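J.: Chains A and F, in that order, are what the protein sequence lines are.
So the first sequence is numbered by this note's numbering: it starts at 3 and just counts up by one.
So the second sequence is numbered by this note's numbering: it starts at 9 and just counts up by one.
Rather than coming from a laboratory, the hints here were simulated on the basis of the structure.
All values derive from a computational prediction rather than experimental measurement.
A virtual CB, placed ideally from N, CA and C, is assigned to each residue, including glycine.
Honestly, I wouldn't trust all of these hints.
Quick list of the computed label-pair ranges, beta carbon to beta carbon [claimed, not checked]:
| id | chain 1 | residue 1 | chain 2 | residue 2 | range |
| --- | --- | --- | --- | --- | --- |
| 1 | A | Ser29 | F | Phe70 | 51 to 61 Å |
| 2 | A | Phe116 | F | Val36 | 22 to 32 Å |
| 3 | F | Leu59 | A | Leu183 | 20 to 30 Å |
| 4 | F | Val36 | A | Trp203 | 13 to 23 Å |
| 5 | A | His98 | F | Ser42 | 52 to 62 Å |
| 6 | F | Ser42 | A | Asn165 | 16 to 26 Å |
| 7 | F | Ser42 | A | Ile46 | 42 to 52 Å |
| 8 | F | Ala66 | A | Trp203 | 50 to 60 Å |
| 9 | F | Phe70 | A | Ile46 | 13 to 23 Å |
| 10 | A | Cys155 | F | Phe70 | 51 to 61 Å |
| 11 | A | Ser29 | F | Leu62 | 17 to 27 Å |
Computed far set for chain A versus chain F, every beta-carbon distance over 10 Å [what the hints assert, rightly or not]:
| id | residue |
| --- | --- |
| 12 | Val11 |
| 13 | Thr17 |
| 14 | Leu44 |
| 15 | Arg62 |
| 16 | Thr136 |
| 17 | Cys182 |
A few chain A residues facing chain F, derived, Cβ under 10 Å [to be verified]:
| id | residue |
| --- | --- |
| 18 | Phe41 |
| 19 | Gly55 |
| 20 | His59 |
| 21 | Met60 |
| 22 | Ser63 |
| 23 | Ala124 |
| 24 | Arg128 |
| 25 | Cys155 |
| 26 | Ala159 |
| 27 | Ala161 |
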Amino acid sequence: MIGPTGVVVALVVVTIVAAAVFFVRPSITGGITGKILAFVGLCILPGLCIVMGMSFHMQRSEQTKFCISCHSMEAYGKSLYVDDAKHIPAQHFQNHRVPPEMACYSCHTDYTIFGPLKDKLAGVKRIYLQYVSTPPNPITIAGGFKNAQCLHCHLGARAFEENPVHVSIMDSLTSNQMSCLSSGCHDTAHDVANLSHEKFWKPGT
Amino acid sequence: MKLNTIGIGGFFRVSSALVIVGLLLEIVSLLWFSPLSFVLFAFVAASLIGLGILVYLASLVFAAVPASENRE
Chain A
3 MIGPTGVVVA
13 LVVVTIVAAA
23 VFFVRPSITG
33 GITGKILAFV
43 GLCILPGLCI
53 VMGMSFHMQR
63 SEQTKFCISC
73 HSMEAYGKSL
83 YVDDAKHIPA
93 QHFQNHRVPP
103 EMACYSCHTD
113 YTIFGPLKDK
123 LAGVKRIYLQ
133 YVSTPPNPIT
143 IAGGFKNAQC
153 LHCHLGARAF
163 EENPVHVSIM
173 DSLTSNQMSC
183 LSSGCHDTAH
193 DVANLSHEKF
203 WKPGT
Chain F
9 MKLNTIGIGG
19 FFRVSSALVI
29 VGLLLEIVSL
39 LWFSPLSFVL
49 FAFVAASLIG
59 LGILVYLASL
69 VFAAVPASEN
79 RE
């Protein structure tokens, strides 16, 4: 079965063949048919390859395994397997409260119209830090973790909205004046500094 | 060398060469699972392909018309 990679690669190969024809024999564009073929082979198909390639890369970069393929993210990937319900990311990942194959992206994307694009630009900056400069230690999120990323799913959910603690501070939460990760609330997220002391969940055991 | 002295064949050769190199790099980026593959695609492959398209479009405007097509 041909997957999404196969489809894009097949399109790219067809386009290479088409472009190669115009490289070897540019004279075939003399007639009107040749001119139309040149327009398709050197403009439409390459344009389609850029669009499909970008779409493929955008989707791939939303995968958990892509995020933790960076050395500096390995500990964050490991923290998803901590066997402790107080660890918020681990609890969400292990109980499929977020899609496990897109666990990082679900909580770390900006849910706005250009959010995914902003995330990719921020990702490019992190790649620069990883390969050219030095990644910060500890790694922090620019502008802090916004409640909108929690409320995107939890707002409107009965268990969240009927919880008396949440009811009393709902305005502060929705206006981002008080963080969901405040001390004493849901304050254990990716505690990578203490991973060596944790017990880990092994799927299927 | 002025652009309008280059034949359309020359433009097509440059355009297709840029597109082919860009597409080969796109294949590498698709099959290589690494954060750098995104950079390779977005900043190198897509730029070369886009440049190839621009050269093709420029050929429509600037390419010298062969004398045989210019008699009318």
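J.: Please go over all the hints and tell whether each is borne out by the structure.
T.: Hint check:
1. For A/Ser29 and F/Phe70, the hinted distance range of 51 to 61 Å is not satisfied, since their beta carbons lie about 19 Å from each other.
2. At about 29 Å, the CB distance of A/Phe116 to F/Val36 agrees with the hint of 22 to 32 Å.
3. Range check, F/Leu59 to A/Leu183: Cβ separation about 46 Å, and the 20 to 30 Å hint is violated.
4. Taking the beta carbon of each, F/Val36 and A/Trp203 are about 37 Å apart, not inside 13 to 23 Å as hinted.
5. Evaluation of the 52 to 62 Å hint for A/His98 and F/Ser42 yields a failure: the beta carbon distance comes to about 27 Å.
6. Range check, F/Ser42 to A/Asn165: about 42 Å between beta-carbon atoms, so the 16 to 26 Å window is missed.
7. The supplied range of 42 to 52 Å is broken by F/Ser42 and A/Ile46, whose beta-carbon atoms lie about 30 Å from each other.
8. Checked against the hint of 50 to 60 Å, the pair F/Ala66 and A/Trp203 passes, with Cβ atoms roughly 59 Å apart.
9. Against the hinted window of 13 to 23 Å, the Cβ-Cβ separation of F/Phe70 and A/Ile46 comes to about 21 Å, which satisfies the hint.
10. Between A/Cys155 and F/Phe70 the C-beta distance comes to about 54 Å, which sits within the given range of 51 to 61 Å.
11. Evaluation of the 17 to 27 Å hint for A/Ser29 and F/Leu62 yields a pass: the beta carbon distance comes to about 22 Å.
12. Consistency note on A/Val11: stated as away from chain F, yet its beta-carbon is not over 10 Å from all of that chain's, at 6 Å minimum.
13. Non-interface status of A/Thr17 relative to chain F is broken: a Cβ of that chain comes within 10 Å, the nearest being about 6 Å off.
14. Remark: the non-interface label on A/Leu44 conflicts with the geometry, its nearest Cβ contact in chain F lying 4 Å away (cut-off 10 Å).
15. Some Cβ of chain F comes within 10 Å of the Cβ of A/Arg62; the nearest lies about 8 Å off, and the non-interface call is violated.
16. No beta-carbon of chain F is positioned within 10 Å of the beta-carbon of A/Thr136; the least distance is around 16 Å.
17. With a cut of 10 Å on Cβ distances, A/Cys182 stays outside the contact zone with chain F, its closest approach being about 28 Å.
18. Because the beta carbon of A/Phe41 sits about 8 Å from the nearest beta carbon in chain F, less than 10 Å, this interface hint is met.
19. With a least beta-carbon distance of about 5 Å to chain F, the hint placing A/Gly55 at the interface is held under the 10 Å criterion.
20. For A/His59, the suggested interface contact is upheld, since its CB lies about 5 Å from the closest CB of chain F, less than 10 Å.
21. For A/Met60, the interface hint holds, since its Cβ comes within 10 Å of a Cβ in chain F; the closest pair sits about 9 Å apart.
22. At its closest, the beta carbon of A/Ser63 sits 6 Å from a beta carbon of chain F; the interface hint therefore holds under the 10 Å criterion.
23. Given hint, A/Ala124 at the interface with chain F, is violated; its Cβ is 13 Å from that chain's nearest Cβ, farther than 10 Å.
24. Annotation: A/Arg128 was flagged as interfacial toward chain F, and the flag holds, the nearest CB pair being 8 Å apart, inside 10 Å.
25. Because the smallest distance between the Cβ of A/Cys155 and any Cβ of chain F comes to about 27 Å, over 10 Å, the interface hint for this residue is violated.
26. At about 34 Å, the closest approach between the beta carbon of A/Ala159 and any beta carbon in chain F exceeds 10 Å, and the interface hint on this residue is violated.
27. Because the closest C-beta pair between A/Ala161 and chain F is about 37 Å apart, greater than 10 Å, the hint is violated.
Hints 1, 3, 4, 5, 6, 7, 12, 13, 14, 15, 23, 25, 26, 27 from the earlier list are contradicted by this structure; the remaining hints agree with it.
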